[in-house]
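Chemist: Residue-level listing of the chains:
2 protein chains.
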Amino acid sequence: MGILDEFVPIFLPKSHAVIGASNSPAKFGGMYFRSQIAFGYQGELIPINRDETEVNGKKAYAKVTDYPGQIDFASIFVPARAVPEVLEDCLKKGIPAVQIITAGFRELNEEGKRLEEQVKSISARGIRVIGPNCFGVYSPKGGVTVMPGGDLPKEPGPVAFLSQSGGYAARIPRRAEGLGIRFSKVCSYGNASDINECDLLEYLYEDPDTQIITSYLEGVSNGPRFLEILKKVCQKKPVIIWKGGLTESGSHAVKSHTASLSGSSQVWEAIFKQTGAVSIHSIDELLDTVSAFLHLPPVKNNNVCVIGGGGGIGVAAADACERASVNLPVFSKETQQKLMLVAPAQGASVRNPIDIGSPFPQPKMLEGAMDIALSEINIDAVILDELEMTPVVRDGKSNPANDARFEPNKQIPIQMKKKYNKAVIMVLPVEGNGADFINSEIARRGVVNSYQQQGLPVFLSLERAVIAFSHFAEYWKFRMKTA
Amino acid sequence: MGILDEFVPIFLPKSHAVIGASNSPAKFGGMYFRSQIAFGYQGELIPINRDETEVNGKKAYAKVTDYPGQIDFASIFVPARAVPEVLEDCLKKGIPAVQIITAGFRELNEEGKRLEEQVKSISARGIRVIGPNCFGVYSPKGGVTVMPGGDLPKEPGPVAFLSQSGGYAARIPRRAEGLGIRFSKVCSYGNASDINECDLLEYLYEDPDTQIITSYLEGVSNGPRFLEILKKVCQKKPVIIWKGGLTESGSHAVKSHTASLSGSSQVWEAIFKQTGAVSIHSIDELLDTVSAFLHLPPVKNNNVCVIGGGGGIGVAAADACERASVNLPVFSKETQQKLMLVAPAQGASVRNPIDIGSPFPQPKMLEGAMDIALSEINIDAVILDELEMTPVVRDGKSNPANDARFEPNKQIPIQMKKKYNKAVIMVLPVEGNGADFINSEIARRGVVNSYQQQGLPVFLSLERAVIAFSHFAEYWKFRMKTA
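Quick note, the sequences are listed as chains A and B, same order. Numbering-wise, this note's numbering comes out as the position in the first sequence, counting from 1, plus 1. Numbering-wise, this note's numbering comes out as the position in the second sequence, counting from 1, plus 1.
No lab work stands behind these hints: they were computed from the structure. Every clue listed holds true.
Partial pick of chain B residues on the chain A-facing surface, computed with a CB cut under 10 Å:
id, residue
1, 245
2, 246
3, 252
4, 286
5, 320
6, 322
7, 361
8, 447
9, 450
10, 461
Since we're looking at a predicted model, the values are computed, not measured. Each residue gets a CB set at the ideal place from its N, CA and C atoms; glycine is no exception.
All chains, please: the whole structure from these sequences, using the hints.
Modeler: This is the structure:
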């Protein structure tokens, strides 16, 4: 049996037992059970409870072995001390895989460590285990969601997320939703008593539904195996890793969370260098980087042209590019002369960054500048830096006549991207965070959505855009060099 | 005449001539004139135009010398070559100060350099000049606004902003508005032919309406004088400096923008070290840092306690704190035992960061944990990291019953801040950026406003919060050490 088949019960179960499902509103097993219903699970959902005969209108069974049909997958919510017995039942029933959501194992104390050893030895006799101490699986295609995830998006997408943190397994898909990022498989695997990051990477390497792999890791169980698999995977799909606990203070926090050995920052630097995996350090950086990989065509280099309105913004852009190790090639004299013909006569810079004179440029200027920049062989990407693509609306005073003024400029980046099939990147900041700017934000989000649908990633600041682009370009440089 | 009196015509003019005001919708002078009307200027606004006899219903004069009354301040929009003659008129009329918005001076070419020398020599005969090549002044108390600033906030606040970039002089007050940040005086001073950053710092040192000074600088005209003034000012008011052009690429961009000598990064590092001025690198970092100074009581150290819901978020918080040089002291065994009594029994960490078990904690747990942390002598600030203070609303499905569940937790940070008068810092990220999350964002902004009104700064991520707090704590450490 190949790894794809082996993981079918986990990510695409036809029947799913929830052990510890309950009608009680406060119990996690009950909350989880209702989350699956809310999420719209299409297979057979089977409540298992020793004391309740019916949960949410569905007949409940005391044990999985009491259920007459086949069970593909089980989620375990009983207290830690009861887990080994329940897991034995699952093995006996022939359930191929389970997730143990319950915490209180090796991360807690000696007793927990002993319980986890029991879980391991039962698992070794023929049942795959995710967890314990995790939030489990979110798989839109399979209709399965993590515990507090009944309202997560139902549409699948090409991004996978492996997480040693349960919280992030729910938080990241939610935060990603509005950025147009959807997930193929998310797996919070906690203490990794059986299935670990290596197994999941092997699976995602093969998984045709996954194009981009992201992860939050605190430690790995087998360094050499991890390195070998990661090398292989990065040659096929980008792997973006948030390694928690790289600082001294962070590595102490890891001990009380998943009890992983977090590894030194030097070791991890070497891992990133040898594999081409992308190292990031926050939710925002993770999602920004995914946005770049999701929307941009592969690049050979990290040569960027920035177009902005105003001299100060050009200076800031140049600083930000250099800090992110993104290259801003100076245009040749010929190109500068061509740009002078389209840029405003006075004061504008055409060296790169291009100062287009105003954050609300004439459509002809914008089109001309983009056309010249994108036709340069040594330009991999054009970034439009805080140009005004939507009106700034305060106190709800939007008016259609004003909105219409923005239409011509709005379409140009999309047309130029189509013409050159090069990376076109938008920076559209939140203009005002206040309550009376909400109509500006509505307008901005509408424009963001339309750009994303056309394959143009949108970032909240130039600094964030160039960091994401830098990760993207470094990955492609590494992959092309080592392919 | 003291410096405060000398700057009255600039920031609080009773009469203001706009030279180049016009009925033409495309001309900058006309746009500026209408911006001042829209902004609600209460003094005498006087259009000056050689060809138009009336602008926006107001009688226009060919020259300032034709106007019968006194003129406090003039804004000059005529082409660069006509500026010296117009400035002579202003001197003749006895106008104490002008701003020259027109570009095309030393930043452009030799001819511009010559024109700027003429401006300087006229100014030296008795008229103060802001600019040329600038956006001028925004002074809510004086009713004056920068060119594209008719809709900027009319309420003044305690923050000043000095800018060598015109664009940022308009952009930053707008971006700040929703963060509860208001300005005393903003001055885009461009090429600084007469009034420069040193003069403005001297003025703001005295200005009773300014408590926090921010700036975007590309270069300084007189290094030793700047250093001396900056040292003095930092002992009275924090000075937050965005130095553009610190990288090689950025310093090239500076040349074509304001033609300043941008100075090496080593020189600037030394300036920051010797003065205690705060160095920041982006709009977001500038506004985050202002938020910290605006809301937090002075601190002796940078010892922080982070309270979050979930183990992964604790690891990430520890990493972020260490990267921002913020200290997370480990609680004593006694304190940890006290915390264990309020924290959830299993799996939670009480070492610091405190893992309160869930991003939506029980009010008693939140109150207990904050109470214990804030009563520790060596804790300067408590950060609530992504706790859910508002419901996440999708598709407009807000309901009052659900909203009410959040009320008890919402009040606790405010009560705790009052009880201890210590820094309490909120991290409330945008939960979803998508169009169908707009009701979540409305709820979030409402809560952000209410915290800010109570002196609790709110940040979009922990990383941003700890960087801002680090700047804040470093400033106070320096000031207390050198006072």
